[in-house]
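First to last, the sequence lines map onto chains A and B.
Note that the working numbering has the first sequence beginning at 1, numbered continuously upward.
Note that the working numbering has the second sequence beginning at 1001, numbered continuously upward.
To be clear, the hints were calculated from the coordinates, so they are not data collected in a lab.
Errors might be hidden in some of the hints.
Interface residues of chain A toward chain B, partial, derived using beta-carbon atoms under 10 Å [unchecked claim]:
hint	residue
1	Glu15
2	Thr17
3	Gln24
4	Ile175
5	Ile176
6	Leu179
7	Pro182
8	Asn185
9	Ser198
10	Glu243
11	Asp245
Keeping only pairs whose Cα atoms sit at most 27 Å apart, straight-line, the calculated DSS-like set for lysine-lysine is [as the list claims (entries may be wrong)]:
hint	chain 1	residue 1	chain 2	residue 2
12	B	Lys1500	A	Lys20
13	B	Lys1619	A	Lys183
14	A	Lys196	B	Lys1308
Ideal Cβ positions, reconstructed from N, Cα and C, are used throughout, including at glycine.
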Amino acid sequence: MNNRKKRRVLVVDDEITVCKSIRQAILSDEYEVDMALSGEEALKKDAEKSYDLIITDLMMPGISGLDLLRSLREARPDCNVIMITGYPTIKTAVESVKMGAFDYLPKPFTPADLRGLVARAFKKTEGEDRLKGIVSDAPIPAGYYYMLGHTWLKIEENNRGVVGVVPYFLKTVGIITQLELPKVNEAVTQGNVCGKISDADGFVHRIWSPASGRVVEVNSRLIADYSLLRRDPFTEGFLFRLETDNLEEDLKGLLLAK
Amino acid sequence: MNLHRSVQKFLDLPLRMKFVWSFLVGILFGGLVSLFFGTRLEHRTIFTLAQAKVRHDLASAWVVYNEKLNDIRDIVLLNASRDSIRGALLACDREVLYRTLVRVRRDFNLDILTITDSSGRVVTRTNPTGVVGDDQSSDALVSRALRKETAIATEVVPRSELLKESPEFAERAYLKFIPTPKAAPRPEDHEEDGLMLKAAAPVLDEQGKLLGVLYGGILLNQNYEIVDRVKEIVFKGEKYKGKEIGTVTIFQNDLRISTNVIDAEGNRAIGTRVSREVYNAVLLRGHPWVDRAFVVNHWYITAYEPIKNLAGEIIGMLYVGMLEKPYIDLRNSVMFTFAGIALLCTVLLLIILFFITSSITNPLRRMVLATNRIAQGDLNHQVRVSFRDEVGQLAHSFNQMTENLKRANENLIQWGKTLEKRVEDRTKELREMQDYLVQSEKLRSLGKMAAGVAHEINNPLTSILINTHLMLEKLEKRHEFYENLSLIADETSRCTQIVKGLLEFARQNPPQKVHTRINELIERTAQLLENQASFQNVRIVKDLDPDLPTIKLDRNKIQQVFWNLMLNACEAMPRGGQLTISDSLSADGKSIEVRFADTGVGIPKENVNKLFDPFFTTKSSGTGLGLTVSYGIIQQHDGKIEVWSEVGRGTVFTLSFPLEDKHPESSQKGGTNE
């Protein structure tokens, strides 16, 4: 690991305590973590250092997280951005993924949550090859809605939908050691956790639900065999079936595969 | 003004008295007038008849009178032509004449019978005391006879002449006047002349040469033959209450000289005089008199006619009179009969009037009574209807009015009750609405607050969470603070959950309503519950109405509510029990009711009202938002949620969903299926 250059991470939040906490959580030998207390400062620092990953709060005075994302996407498309968000702005967060953010993380979160996400972000940039062949490269089938890099939603009759994980997400995850799925009748909301994948690296990756609703069926075959997730991500390897309750609104935050 | 007051007083009288007075006045006036005119008419009729009769009677009296006069003439005429008389006179044989004539006089009841020579000198008189040789040629009748004519007449004979015949005649003629109140005053106080019926006839020889005159007469003074005979013939001796009805009188001048009028002492009333009225009319003017007159001491209906002498001078009167009393009595009895009949009719009328007015006033009085009772509020009172006249109709209408009034009153009362009920219902509705608004307001404020707070709280929570975990990572598990830190981490996570719940609640998406079979939703939710291992000792009983109509609901949200309520029920029965889920159509058929009844520990009264308040919880691990969120969802469905609970017995939650969708547009979005 030492041969490798330390990855540069910038944490942006208008609250110093949050900045410090985040920095503490991810600070390690691998990462060099800087802090910025505003969007302006972040842009200034990034101009100096060209960070590999910028973790930014969505809601900030002046240049907001979204503004920051927009200008970074234009100037440096290779820079990963993770949006940290309060619950009220989760819609915006989902929107930000559509705009090209790597992922987002709702506050509050544990260091583990953050680390898992950060690890995934770097795995993506590394273009890890070790999982090649195991993960299907098949594109998302037409008619499927999806959250960029996360989950898909296939709409069925009676406002029902099937939820699964897109292969891209799995690429950023290590060997799956545990899969946590919601219980039947549990309510899930778009952009919030609907499942967790733990990998061999010890990270816990949260899966965001693509839609809001109530779980009506959990894929029991998947619980017995996690490999289905990678082998047949769009049919047999689905996570659960739900009865949506705000589908029309939810679809605005999703992309449609063509 | 007085008249006005009297009229007012009269009008104020009770109806019956008004009738009685009006009738009485009418009857009395009419009765009196008709009685007055009736009696007058009757009087006139009776008296006209009576007068006619008395006139007729007078005529009869004249017949008798003249008959007597003719008798005398016949006697005189017959004897004057007798040869013996003629011879004796020619021979101047006074003896023979006297003997012959005395017999004649006695036979024929004459008072005098005297014969004169051809110069008028008396040859002989037939009374023993009679004077002879005096000259009678100046006498009206004798002088006529001397002219060879026969003459008859009533004549006044002076006392001197009477004395020539006989002092007895002078005595009969002498009458002292008895004072009579109404008589015309006269200077004399007695009468000494006499009134005589006389006839004179010439005595002629065969050659028709006058030899002398024979004359005879009857002295009328105190001679009652004519008057009594008239009375007998005309009145036939009729009496009325012991009194003679008819009376006849011969007057010499105005003096009664022959009469059957009886005075107070029971004697013939000779010597009294006629009244001045009659005196003037008959004696002075020579008119007959027919009228009522007061005769001696009684009222009579009378007729007087003058008696004239040969020269045509009025020398006396013939009178006929009928006692007025029988006519008066007849008149009175008729009058009294009339009056009696009138009185009887009046009484009869009053009796009829009594009944008629009773038939009017009694129902009226009853109606007045009824009005009073109605005024006092007794609307059940009815007036008895006896007849079908106007009063009866009035009573009938009155009853009908009362009936209507009663009905109106009942309606009013009913209306009042309904109004009360309505006010009560409305008040309840308003209170519910108010509660609803308060609850809504609470929810809205909560939403705002949650949105504002969540962001602020999230940052410190993030810091706490991260740092606690960082510390935990660095500590050995057996470190004395490890457990404390774990607790902090867990509780912080719970805070996260609370904030999340809050925000979820604050988000409040509009419901996506689709047609739903509510039984299916309940079954499905219950199925999930039955699979929960932790509630194996809870028995779930479902009593669902299979015929319920479908209803538009947001299935997920409502299922969440059902789930919350079922979960709460199960948690309220830690030692097991029964959860009864039932549904049915509401009583008014406008909504569906779903009930969740448990046999759990129940909720203390003071907590029931706080159940739906945010953050109210009795569970150590609850967020206090489950029922608040449920309430919000039910509200979004325009439904109601009610709680009944008793500590130790259990709790019943009743949800009601209106069948009619109040916001049809909001349900269109999600209604793509079915």
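Problem - Residue hint Ser198 of chain A, partner chain B, criterion CB-CB below 10 Å - result: At 16 Å from the nearest chain B Cβ, Ser198 of chain A fails the 10 Å test, so the hint is violated.
Exercise for the section: Have a go at the Glu243 of chain A hint: is there a Cβ in chain B nearer than 10 Å to its own Cβ? Expected result: Glu243 of chain A check passes; min Cβ-Cβ to chain B is 6 Å, inside 10 Å.
Exercise for the section: Decide if the proposed pair is consistent with the structure: Lys1500 of chain B and Lys20 of chain A, CA atoms, cutoff 27 Å inclusive. Expected result: At roughly 24 Å apart (the allowed maximum being 27 Å), Lys20 of chain A and Lys1500 of chain B satisfy the hint.
Practice task
Would you settle whether the hint for Glu15 of chain A is holds or violated, based on the nearest Cβ-Cβ distance to chain B being less than 10 Å?
Solution key: Since the shortest Cβ distance to chain B is 5 Å, the answer is holds.
Problem - Cut-off 10 Å, beta-carbon criterion: hint that Ile176 of chain A touches chain B - result: violated, 23 Å
Handout entry: Restraint satisfaction for Ile175 of chain A [CB to CB of chain B, less than 10 Å]
Key = At 22 Å from the nearest chain B Cβ, Ile175 of chain A fails the 10 Å test, so the hint is violated.
Practice task
Could you check if Leu179 of chain A really has its C-beta closer than 10 Å to a C-beta on chain B?
Solution key: violated, 21 Å
Exercise for the section: Have a go at the Pro182 of chain A hint: is there a Cβ in chain B nearer than 10 Å to its own Cβ? Expected result: violated, 13 Å
Exercise for the section: Take a quick look at whether Lys196 of chain A and Lys1308 of chain B sit within 27 Å of each other, Cα to Cα. Expected result: violated, 182 Å
Practice task
Could you grab the alpha-carbon distance between Lys1619 of chain B and Lys183 of chain A and see if it respects the 27 Å cut-off?
Solution key: holds, 22 Å
Handout entry: Interface hint status, Asp245 of chain A versus chain B (Cβ within 10 Å)
Key = Asp245 of chain A check passes; min Cβ-Cβ to chain B is 4 Å, inside 10 Å.
Problem - Proposed interface contact between Thr17 of chain A and chain B, which counts if any beta carbon pair is under 10 Å - result: Because about 5 Å separates Thr17 of chain A from the closest Cβ in chain B, which is inside the 10 Å limit, the hint holds.
Checked against the numbered hints listed earlier, the structure breaks hints 4, 5, 6, 7, 9, 14; every other hint is satisfied.
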